[in-house]
Amino acid sequence: MKIEDHLLDTLLFDCIKTAKDAGGEILRFYHNGYEVEHKSDESPITEADLAAHRHIVGRLHELTPDYHILSEEAADISFEERRQWQTYWLIDPLDGTREFIKHNDEFSINIALIHKRQPILGVVYAPALDLLYFARRGSGAFKCMAGEAPTPINVRPAPSDSQLTVCRSRAPGLGPNLAKFLDALGAHKELSMGSALKSCLVAEGLADVYARLGPTCEWDTAAAQCIVEEAGGRMVDVYRRHLRYNTRESLLNPNFLVYGDPTRDWTGYLKDCDESTYTERQIRTSAAL
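In my numbering, the protein residues as written are 1 to 289.
Be aware that a few hints might be false.
[As the list claims (entries may be wrong)] Derived Cβ-Cβ restraints for the label pairs, each shown as a range:
id	residue 1	residue 2	range
1	79	37	24 to 30 Å
2	264	61	22 to 28 Å
3	9	102	15 to 21 Å
4	186	102	27 to 33 Å
5	151	265	29 to 35 Å
6	148	170	23 to 29 Å
7	162	83	17 to 23 Å
8	79	239	18 to 24 Å
By construction, these hints were calculated from the structure, which means they are not laboratory data.
Glycine residues also receive a C-beta, built at the ideal position from the N, C-alpha and C atoms.
Please put together the full structure from these sequences, using the hints given.
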């Protein structure tokens with residue numbers, strides 16, 4: 001079944017409104033206080049995560065009652081059930097809970113529509129910055145700052161090695177794989193950012209590459225992948241394969257690269273890196289970085 005473009009346009013409009021309304025819920029806690037609890041795997045969760053989850057899920061059920069929904073806060077669904085889904089929503093109600101707790105404004109709401117294992121619509125909204133990125137299949141990618149009209153965004157051609165800009169998380173220190181990647185890359189500038197906004201910086205041409213050589217989950221990447229690819233970039237595993245969704249029991253992504261210039265072999269810088277096997281605890285505690 002093909003999803004027609006006019007339906008995607010309608011869903012995109014509704015998703016943007018849903019993300020902004022959920023952002024209002026998040027900011028209510030952000031500015032007025034909240035309790036921080038920890039899941040069984042010790043990853044943090046706040047009232048804001050749950051409030052945004054309830055709002056987004058409720059709204060998406062109203063919009064598309066026939067589509068399933070997979071959210072970080074309701075992910076306990078077996079692959080036996082999920083494997084039957086051809087089209088479904090994949091959401092992270094608050095990507096970057098640690099950024100939220102640190103009060104650095106770099107957290108986002110991620111909403112993606114997955115069809116046949118690929119994201120065909122993506123919305124990334126940073127409510128504290130009132131910064132929106134969005135895209136849908138075949139229609140390009142856009143950025144919208146507070147009070148401004150949306151503007152098209154595109155990746156940039158990679159400059160000379162000494163001018164490369166690498167996007168990375170604000171987590172202190174480097175894992176061994178990232179250290180090897182940066183060393184292989186040579187001279188470069190680094191741009192730190194939280195949540196899915198890292199990938200969006202590549203999409204709008206402010207950074208050339210983002211290497212995620214550690215655990216993340218599928219809801220962390222899907223919306224941003226649609227935006228990056230519609231902006232002309234790529235989000236691929238270490239074998240240059242596009243990330244695919246809901247293909248197995250685990251919802252863990254492989255190590256991956258986000259890059260703008262497809263003419264450069266970015267995976268060549270990964271030759272000394274190892275593909276790791278992660279524990280469930282590592283997945284949860286690292287994915288928000």
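Hint check:
{"no.": "1", "hint": "79 to 37: 24 to 30 Å", "verdict": "holds (28 Å)"}
{"no.": "2", "hint": "264 to 61: 22 to 28 Å", "verdict": "violated (43 Å)"}
{"no.": "3", "hint": "9 to 102: 15 to 21 Å", "verdict": "violated (36 Å)"}
{"no.": "4", "hint": "186 to 102: 27 to 33 Å", "verdict": "holds (31 Å)"}
{"no.": "5", "hint": "151 to 265: 29 to 35 Å", "verdict": "holds (30 Å)"}
{"no.": "6", "hint": "148 to 170: 23 to 29 Å", "verdict": "holds (26 Å)"}
{"no.": "7", "hint": "162 to 83: 17 to 23 Å", "verdict": "violated (47 Å)"}
{"no.": "8", "hint": "79 to 239: 18 to 24 Å", "verdict": "holds (22 Å)"}
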